[in-house]
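Chemist: Protein chains in written order, with our numbering: chain W, 99 to 448; chain A, 99 to 448; chain C, 99 to 448; chain R, 99 to 448.
If you are wondering where the hints come from, they were derived from the structure by calculation, not from laboratory data. Some hints could be false.
One copy or any two copies: either way a pair holds, since identical chains are not told apart in the list.
What the hints assert, rightly or not - Listed below are the simulated DSS-like cross-link pairs for lysine-lysine, each with C-alpha atoms no more than 30 Å apart in a straight line:
1. 148 with 288
2. 254 with 102
3. 181 with 148
4. 317 with 102
5. 148 with 261
Here is how the chains run, residue by residue.
There are 4 protein chains.
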Amino acid sequence: MADKEVYYSDYLQLDKILDAQQLESTKAGVRADDEMLFIIIHQAYELWFKQILFEVDIVGNIFAQQGINDNSPDLQISVHRLKRVATILKVLIHQIDILETMTPLDFLDFRNLLRPASGFQSIQFKILEARLGLKYEQRHGQQYYVSQLRPEDVEKVKNAEGKKPLSDMVNTWLERMPFFDNKKFWEGYKSISKENKSPYIFWNDYRWQYDHSLLEAEKGNMAHFDTLFLNEKDYPANRQFSQKANRSALFIMLYRDYPMLQQPFQLLSTLLDIDESLNLWRYRHMNMVHRMIGTRIGTGGSSGKDYLTATISKHSVFKEIAELTSYLIDRHHLPKLSSELENVLGYSRT
Amino acid sequence: MADKEVYYSDYLQLDKILDAQQLESTKAGVRADDEMLFIIIHQAYELWFKQILFEVDIVGNIFAQQGINDNSPDLQISVHRLKRVATILKVLIHQIDILETMTPLDFLDFRNLLRPASGFQSIQFKILEARLGLKYEQRHGQQYYVSQLRPEDVEKVKNAEGKKPLSDMVNTWLERMPFFDNKKFWEGYKSISKENKSPYIFWNDYRWQYDHSLLEAEKGNMAHFDTLFLNEKDYPANRQFSQKANRSALFIMLYRDYPMLQQPFQLLSTLLDIDESLNLWRYRHMNMVHRMIGTRIGTGGSSGKDYLTATISKHSVFKEIAELTSYLIDRHHLPKLSSELENVLGYSRT
Amino acid sequence: MADKEVYYSDYLQLDKILDAQQLESTKAGVRADDEMLFIIIHQAYELWFKQILFEVDIVGNIFAQQGINDNSPDLQISVHRLKRVATILKVLIHQIDILETMTPLDFLDFRNLLRPASGFQSIQFKILEARLGLKYEQRHGQQYYVSQLRPEDVEKVKNAEGKKPLSDMVNTWLERMPFFDNKKFWEGYKSISKENKSPYIFWNDYRWQYDHSLLEAEKGNMAHFDTLFLNEKDYPANRQFSQKANRSALFIMLYRDYPMLQQPFQLLSTLLDIDESLNLWRYRHMNMVHRMIGTRIGTGGSSGKDYLTATISKHSVFKEIAELTSYLIDRHHLPKLSSELENVLGYSRT
Amino acid sequence: MADKEVYYSDYLQLDKILDAQQLESTKAGVRADDEMLFIIIHQAYELWFKQILFEVDIVGNIFAQQGINDNSPDLQISVHRLKRVATILKVLIHQIDILETMTPLDFLDFRNLLRPASGFQSIQFKILEARLGLKYEQRHGQQYYVSQLRPEDVEKVKNAEGKKPLSDMVNTWLERMPFFDNKKFWEGYKSISKENKSPYIFWNDYRWQYDHSLLEAEKGNMAHFDTLFLNEKDYPANRQFSQKANRSALFIMLYRDYPMLQQPFQLLSTLLDIDESLNLWRYRHMNMVHRMIGTRIGTGGSSGKDYLTATISKHSVFKEIAELTSYLIDRHHLPKLSSELENVLGYSRT
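For reference, chain W alone in the conformation it holds in the complex (with noise of 0.2 Å):
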């Protein structure tokens, strides 16, 4: 092994990956010159698919260990992994402009003869969309399951289903969490005042002091904090994350000054970045296919531009987590921390 020469286009398999492109146009004799573009920028899509998929999954493997120990490079792999997935998705969000190179004219040379075949079809998306978080019952437009994909791609895509995806992990590494599930803290946290300027905390609205109606509203946002990090038995059980993965997350924003909770932010934070990069992807891809269509049926058969549409708001698996930041206070006003915690959180080499 060690003397075989490795060559370029072998080692690349481009003799499979530049051999698959079978225009349809040409098959049915008429010349569609921007098939071609069609069918590479797909493929491109697949290929990112396949590598976001790989370093998901490796993610996936650290976080699946019994606990992650925070003396390996184990949290800062799966950052920068996760940060990798972030980048190839901007990339795959500036790739729709070479696809708004094509005219809708230009689509329609071959669009018909591509039915009933729709991006609905890719199964790597929904997998990813299954390993990140996403629930069946979750999904937008599961009746298309059974009339649009073959047999064994549902059976595919309710595989990754069926397995325990990586906002699950996250939530058990989130509860695993030693130091920060302590609800007096968060009591005590609640009744921090602002130096009354607001007569709530989360609540920033000056107007309360010429309209005390809006009183009321602010009183519903302290029953919404007490919801989501204090009262156990009122908590929703169709949540992504249980309560005391909420109170880790919010902690974790708090105090991310500390070297201990650097990584654990990261992570948040690329995690919120990648629903963020996946929504903009639908966004401008739904935006490409309006404009490209207008509002005919897509060739899969669907309203294209309304499937893309809804999934924006909700196939954002981590949406819970971003909404935390509603109950952000300022640092100037946080809890000081005991110094015995304060030790755990940096860096103790004495």
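Given the coordinates of chain W, work out where chains A, C and R should sit on it, guided by the hints.
Modeler: Structure of chains A, C and R alone, referenced to chain W:
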């Protein structure tokens, strides 16, 4: 004047530009290192809004002429300047990456000090929307005009809303186009048979073959075509573009391969690009706000996120043009033009 | 065929595409998690190179016609397709961001296993350079042809080098342009006085007023103008473009405001964009290689960095066109064209 | 103060910002519509340079402390701020796209009116280079200081050059690192055998097996290692970083998987990113200038292109760090650290 030597910092008036950052946190005696970024990025946005307005005004002046002279560079200059606007908007969207390096906690360091200032008060942005064609009645959140803007600023926006916007001028220009306003042509267009593959021309859901109830939906599509292009008395009064303009716009999209229609097609495309980029800017901005402040009330007293979300769909000035793509048919079935018309649409150098 | 339903993964041949990643590290029993990225990014590049070649070939076929028909969409299609190439190149440049998430240490995990494969062996890229107009004699590192490429690959590159490239066809097209080849015009152009602000027309270093020795340099500039545009017998034999073509190109740049010259101007501009983007790709690639392997020898046995640096300057196919900008003068001093010529350059619909 | 309401345009001082564009062409009575763009883009650049300087100063103040406290967020704040600088630079590079929408002919409309102003006179950029670590002796075109800058501006740059720059502070910080300065370690490192695949450790040109003359080059590589890391008296005096700092930097790169070395590794990486982005900015800027004015003399009297080209290679402050990657070896062959040291490099929570 010829002899006066120009100096970089004088020319750019850097004494003003670089001395216009006064931190509220400094005044309040609080350390908030990210406020500088917050100020500078908004100043950069406003500088670019000035440039965009400058370009849109040049285009407006060209279109305000009695008739655009097709033998002059008027149209290509307009396209060039609007393409520049699209390029600027791409950078402005990218610029949000910078603001996203400010974490929610960092923003809280100085957020309360800014009340009730908010991006809603960007007069240049509102003027830009008005110049492009957004009418007062179409605005989301009209009520804020009075409560949030100073009287002189309300005045400025009203002024801009009072002038003939670009969309109206484009409408006039489309209506003026001499050769395309032929209803018989469109009657014929509507009845083109696509080799029996679908019962109606704009429909391409092959499922009608199995599910005859879908034929009703198809009829609706044809009726909509009549409304948009043929039946004068049914035409809704509140549309941005007239029926006559619709016909020209669709004709341009269909026959853009003729040299004479290249620049008109580029013009329409670029206007759609601008709409799309403005929406993408609003979308990314909205996400950023959401991530920064959660579901809290914005510094301007409204929920910043909701305002931005609402404007994404409502403030698209050229969406009626975008939706005409629903009525394109593929190039191979396009009615052949008379050789007389073909001659006019080419460079007739005979 | 009409009845055959197309399925996404069949259409894209994902069985081939997604089964073409075989890690050398896996074969060698070493763990190197970044090799997957290394393979996939190069496959993505090769897919896009295929697309770029496809577009360049379409343009080549258009320009290979006896004469481009100005009354047809030939030129605008060419511009459109070349602009797409420029858009693709921007994404390919951005894509380097992804590879930069691989650290030098991560690359070392599998780097030795790839010897002697190297990006130098990308045949498609070499063919692209040849199609655009790079000649064998102009190539940096010709000697590697034999030592690094398989005979059948050398053959492919030689083949591409043997065909008439795009640059030659553009040269022919420029030479063919009817109205601009008027030497008297250029004699006059050369002698335009710019209101006595400089002694020579292309010179704008005001320091000549103080430093008379600079006048010599100015004279050199004028002599160069003569060589490029006027004196036939001094014209160097080894240039990519002819003197006649130079005149047309400069004329197009100067009088591009006329409708008839818009598409020709766009064509030249886009070719320069492509050159610039290819160089930027080489530049960023070179930096990335430098950062990844320092001053070591590349896997291909040469110093990858030096090869890339050298090609940046040497492989710019259209640089002669780019350099003509030295001989532009400002619009306000341009010689007025005859009304006869003006008519020809407009849309003469009389 | 609490009661004062902040207003958007006051807060951003838009009266100053939006009133700082005075066109020389307007003064001269010439129409040059692109001069507005030219002014605004340069003002946007200067705003961002101010922000970059602000961030670099914060980092400088952190590093100027007697010793960075590893138990504090000092290092992560520094990394965060430098990463923001890198993000800003990406947007500044992208921003060149906007300037490229100005064609050479459009620039000629007002170019002569700006003489002799030039980007060379950007004092903030020169101060930034100095703050990062560029010394006067390393500057390209020192002679222009006196001829092109006003005395008060020369003073400002000299002042910045007189202060301890970031590179020196990073050098001190690297030297201070306690555990890595062990020459015996590096002696051992140098002699690691890579399973007989190459005679010398840093060499990976397999051709030595066929071509024994290459062994000489390999020896040179080893001698260079000695100079950079081991032989004190041979160490060149004019280098930016000391031998001691080199050892720390290489150690950080090699053992960055340990939690304690994560932030140091991120710091070094980000400094290299900044260097690379500054160079890319210079490179794209240079290309743009070249395309805009050809080989003419810049408005500042020098050839703008040559100045920019020269600074690309010469003004990289951290290139010595970048070049250390030549001496990395792959992870699988890394010397194992003592368990004592391993403990120190982890989060030792015992």
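Chemist: Does the structure break any of the earlier hints, and which numbers would those be?
Modeler: Failing hint: just 1.
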